Amino acid sequence: MLRIFLFIFSIALISGCGAGDEDKPDERPPTIEVVDRDVQYLDSYWLPGGRNYAVHENSLAISHNAGVSLLDINESGLVESEIQVSSTGSINIATLENGDIATLMVNHVRVNRIKSDMFDVIYMTEDSPDLSAVIFESFGNCAYWVDKSSPDEVQRYTIKEVCVDSQGLITQDIRYQTENWINNVYALEDGSIVVFESLGGPQKISLLSSEFELLDEYTTTDKLYGFDIELRDDTLFFTGFAAVWEMDISFNGLSEPKLFHETVNPTSSNGTNRVAVHDKGVLLANNNFIYAYQLDGDDVTAIYRIDVEKNIEALVVYKNFLIVSYWDNVDFEIYRISDLI
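Under the working numbering, the residues of the sequence shown are numbered 1 to 341, in order.
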């Protein structure tokens, strides 16, 4: 009789626990539906291929195969004028705080000052046979690039710097060396630098001070290449292999990277994703789609998808507009961000 009582009591206890669980709210974050939007661009403009973009004072600076141009875009998102300040093609471009523009050439770096609407080359580095064609960054009045050439048989990757001080004195320096492959470099608003390196298999993300002293680092087997990097508030958004990740940065250093939503096509090839940030949220490009993530603080409140029908090469935020550039060297297009998010 005692055994029967214990058996019935056990069943009642289990049933009671189950009922309590059913009453608990679902604590999983809600799935946000991706909403397709049909958005028209405001204007389009053509420049030769090899385009890279930077904001220069009130203009959009664009390096291309035929030189460097400054575009004036009005409040309606229409291109009002183009001034070609250089007819010498460059690989990449970075703008300095004092108004100078640094250009990455095939085997050297130039610092240019605009005089009478034309470049005046005020400094040129020595030639090097193996500069990275994609890494070119600036902070304040300094520009940074990666030199992959080595004077001996040991392969080294070197971050180099050229700076213009308040008196106009130009200095050049070696700031960081590693035997690891450097995927990218990103300068933060306080002058510190984030470096993405490949360690053969694992990936390493390092946070360096403005004096290039190591503050923190994170190593992982996840493919966090950081081919495209943007900062919003204190969060880095960057591309990995067929994904976009986020990582918080604070005075304590680097947080553990987290996958930033998986709406981006997981079958895309390495480097296809592009990232741009704005006060309203984060904009991602994957193949022919723009994904607009509306954020309230760190929380995603809506996701919109726009089909632009061509494979996207770059996303650039300029004022309240999104510049969308394409791989097939057609016109780039200008969208109003409030129409996207």
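These aren't lab readings, by the way, just hints derived from the structure by calculation. Just so you know, these numbers come straight off a predicted model, no measurement behind them. C-beta atoms are modelled at their ideal positions from N, C-alpha and C, and glycine is treated no differently. Check before you lean on any hint, since a few could be wrong.
[Claimed, not checked] No more than 27 Å apart at the CA atoms, straight line, and that leaves these computed lysine-lysine pairs for DSS-like: (1) Lys280 to Lys258; (2) Lys258 to Lys223; (3) Lys115 to Lys148; (4) Lys204 to Lys258; (5) Lys204 to Lys223.
[To be verified] Pairwise CB distance ranges (calculated): (6) Glu213 to Val106: 28 to 34 Å; (7) Arg305 to Gly200: 35 to 41 Å; (8) Gln40 to Lys319: 25 to 31 Å; (9) Val55 to Glu213: 39 to 45 Å; (10) Pro202 to Asp248: 16 to 22 Å; (11) Asn65 to Glu256: 38 to 44 Å; (12) Leu199 to Ile170: 33 to 39 Å; (13) Leu259 to Gln294: 28 to 34 Å; (14) Val39 to Leu199: 40 to 46 Å; (15) Asp216 to Asp173: 44 to 50 Å; (16) Asp117 to Pro48: 18 to 24 Å; (17) Leu169 to Val55: 24 to 30 Å.
**Item:** Outcome of range test on Cβ distance (Arg305, Gly200; 35 to 41 Å)
**Value:** At 36 Å between Cβs, range holds.
**Item:** Pair hint outcome, Lys204 versus Lys258 [Cα-Cα no greater than 27 Å]
**Value:** Roughly 15 Å separates the two Cα atoms, so the pair holds.
**Message:** Quick check on a hinted range of 16 to 22 Å for Pro202 and Asp248, using CB atoms only.
**Reply:** Holds, since Pro202 and Asp248 (Cβ atoms, about 21 Å apart) stay within the stated range.
**Asked** Is the gap between the beta carbons of Gln40 and Lys319 within 25 to 31 Å?
**Response** violated (19 Å)
**Asked** Holds or violated: Lys258 with Lys223, Cα cutoff 27 Å?
**Response** Holds - the C-alpha atoms of Lys223 and Lys258 are around 12 Å apart, at most 27 Å.
**Prompt:** Does 38 to 44 Å hold as the CB distance between Asn65 and Glu256, or does it fail?
**Reply:** Given about 41 Å between the Cβ atoms, the range holds.
**Asked** Is the hinted range of 24 to 30 Å satisfied by the C-beta distance from Leu169 to Val55?
**Response** holds (25 Å)
**Message:** Tell me if the beta carbons of Asp117 and Pro48 are separated by a distance inside 18 to 24 Å.
**Reply:** Once the Cβ atoms are compared, 19 Å apart, the range 18 to 24 Å for Pro48 and Asp117 holds.
**Asked** Does the Cβ-Cβ separation between Leu259 and Gln294 fall within 28 to 34 Å?
**Response** violated (18 Å)
**Prompt:** Does the Cβ-Cβ separation between Val55 and Glu213 fall within 39 to 45 Å?
**Reply:** violated (29 Å)
**Asked** In this structure, is the beta-carbon distance linking Glu213 and Val106 contained in 28 to 34 Å?
**Response** About 32 Å separates the Cβ atoms of Glu213 and Val106, which means 28 to 34 Å holds.
**Message:** Between the alpha carbons of Lys115 and Lys148, is the straight-line distance 27 Å or under?
**Reply:** Violated. Lys115 to Lys148 sits at ~33 Å, over the 27 Å cutoff.
Hints 3, 8, 9, 13 and 15 from the earlier list are contradicted by this structure; the remaining hints agree with it.
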